[in-house]
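Taking the hints into account, I'd like the entire structure generated from these sequences.
To convert a position in the sequence shown, counted from 1, into the working numbering, add 1205.
Hint data in this document are derived by calculation from the structure and do not stem from the laboratory. Be careful, since some hints might not be right.
Computed cross-link-like contacts, DSS-like style, restricted to lysine-lysine with a CA-CA straight-line distance of at most 25 Å [what the hints assert, rightly or not]:
1) Lys1293 to Lys1261
2) Lys1261 to Lys1223
3) Lys1272 to Lys1293
Ranges of calculated distance between the beta carbons of each label pair, as one might list FRET restraints [as the list claims (entries may be wrong)]:
4) Gly1225 to Pro1246: 35 to 43 Å
5) Leu1266 to Arg1286: 19 to 27 Å
6) Asp1279 to Arg1241: 17 to 25 Å
7) Gly1225 to Lys1293: 21 to 29 Å
In this text, all values refer to a predicted model and were calculated from it rather than measured experimentally. Think of the CB as a built atom: it goes at the ideal place given N, C-alpha and C, for glycine as much as any other residue.
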Amino acid sequence: MNQTILSGHLTADIETRKVGEHHLSKFTLACNEGERVVFLPVQSWNMPHLSEYLSKGSKVLVSGSLKQDQWETDAGEKRSRILLTAYKVEFLTPLAESSTMQPASKTQTAKRPAPRPRYRASA
1206 MNQTILSGHL
1216 TADIETRKVG
1226 EHHLSKFTLA
1236 CNEGERVVFL
1246 PVQSWNMPHL
1256 SEYLSKGSKV
1266 LVSGSLKQDQ
1276 WETDAGEKRS
1286 RILLTAYKVE
1296 FLTPLAESST
1306 MQPASKTQTA
1316 KRPAPRPRYR
1326 ASA
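Structural data, given as structure tokens:
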């Protein structure tokens, strides 16, 4: 069984795009591991609403599975990375903190919709 649960902060706003009939959201999670910080790329499918409620600095709890991507560069170098494919994202940032954060996108107004505490987004 491949199940991972991590908590951390978003390092940047979420990038969402449509891939065929589905929505792909990508973000990087910064997780404290003692005195160091681990940065892990995360992708979630069919959760386009995440970018409406989360932005850089938001604290989340992510459940999903780890996957290793492998590819070759144009120069022929082999590359790989581990990423987390999320199937559940819980919002952990309290409402008072989220109101002082930057809007998730330039098109949103400074007063964004109030996030639902402990909301679980499922694929």
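Right, here's what the structure says about each hint:
At roughly 18 Å between alpha-carbon atoms, Lys1293 and Lys1261 fall within 25 Å of each other, so this suggested pair holds. The hinted pair formed by Lys1261 and Lys1223 meets the criterion: a straight-line CA distance of about 21 Å does not exceed 25 Å. With a C-alpha separation of about 16 Å, the suggested pair Lys1272 and Lys1293 falls inside the 25 Å cut-off, and the hint holds. Taking the beta carbon of each, Gly1225 and Pro1246 are about 21 Å apart, not inside 35 to 43 Å as hinted.
For Leu1266 and Arg1286, the hinted distance range of 19 to 27 Å is satisfied, since their beta carbons lie about 22 Å from each other. In this structure the hint that Asp1279 and Arg1241 lie 17 to 25 Å apart at CB is violated, the actual value being about 32 Å. A hinted range of 21 to 29 Å holds for the C-beta pair Gly1225 and Lys1293, which are about 23 Å apart.
Consistency note: the structure conflicts with the earlier hints numbered 4 and 6.
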